[in-house]
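Going by full-length UniProt numbering, the first residue of the first sequence is number 1, and it counts up by one from there.
No wet-lab data here; the hints were simulated from the structure. Treat each hint with caution, since some may be false.
[Unchecked claim] Pairs of lysine to any residue, SDA-like flavour, derived with a Cα cap of 25 Å:
id: 1; residue 1: Lys-111; residue 2: Gly-97
id: 2; residue 1: Lys-111; residue 2: Gly-45
id: 3; residue 1: Lys-111; residue 2: Leu-91
id: 4; residue 1: Lys-111; residue 2: Ala-78
id: 5; residue 1: Lys-111; residue 2: Gly-75
id: 6; residue 1: Lys-111; residue 2: Arg-30
id: 7; residue 1: Lys-111; residue 2: Gly-95
id: 8; residue 1: Lys-111; residue 2: Glu-24
id: 9; residue 1: Lys-111; residue 2: Pro-27
id: 10; residue 1: Lys-111; residue 2: Pro-74
id: 11; residue 1: Lys-111; residue 2: Val-22
id: 12; residue 1: Lys-111; residue 2: Ser-94
id: 13; residue 1: Lys-111; residue 2: Pro-90
id: 14; residue 1: Lys-111; residue 2: Gly-35
id: 15; residue 1: Lys-111; residue 2: Val-86
id: 16; residue 1: Lys-111; residue 2: Gly-50
id: 17; residue 1: Lys-111; residue 2: Glu-87
id: 18; residue 1: Lys-111; residue 2: Val-60
id: 19; residue 1: Lys-111; residue 2: Glu-43
[To be verified] Each pair of labels, with its calculated beta carbon distance range:
id: 20; residue 1: Thr-93; residue 2: Leu-12; range: 32 to 40 Å
id: 21; residue 1: Leu-73; residue 2: Leu-41; range: 28 to 36 Å
id: 22; residue 1: Gly-42; residue 2: Val-86; range: 30 to 38 Å
id: 23; residue 1: Gln-76; residue 2: Asp-109; range: 19 to 27 Å
id: 24; residue 1: Gly-110; residue 2: Ala-78; range: 26 to 34 Å
For every residue, glycine included, the Cβ atom is placed at its ideal position computed from N, Cα and C.
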Amino acid sequence: MGRMSEESLPELPDYAERVLQVAERIPPGRVLTYGDIAEWLGEGGPRQVGRVMALYGGAVPWWRVVRADGLPLPGQEARALEQYHVEATPLRTSGAGDQRLDMRRARWDGKDD
DNA sequence: CCCATGACCTATG
DNA sequence: CCATAGGCCATGG
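Construct all of the structure, not just a fragment, from the sequences and the given hints.
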């Protein structure tokens, strides 16, 4: 018979679970782009990773998953920047004074610190 | 099946 | 640095 849900929490698609697993693995002070995760995972694309983060990202350190241009997540900039400050994530200040990630230094290569 | 949307990316000017 | 263009692919109307 069709087995009903035995979990109190909504069940996660396998792909989503894999994405979140990678996100959870990013060390503090480092970041990974949506594309990086897709590539690292060997499936899906940046948009698919983005979708997963939008839907289930709340359970993981979402601020460590960013766009390739290092722009903070729109709508959550304050929280993200707060985290970057705490984790000493490499930032760079633009002419207007707005801060974005210094991708060259903040991007995680997958190796240990 | 067509079309629009999205926590995207890269190349080009 | 900003703007455009094309590519990408799952999801939903």
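I'd like to know which numbered hints this structure contradicts. Please list them from smallest to largest. Per hint list: 1, 4, 5, 7, 10, 12 and 21 violated.
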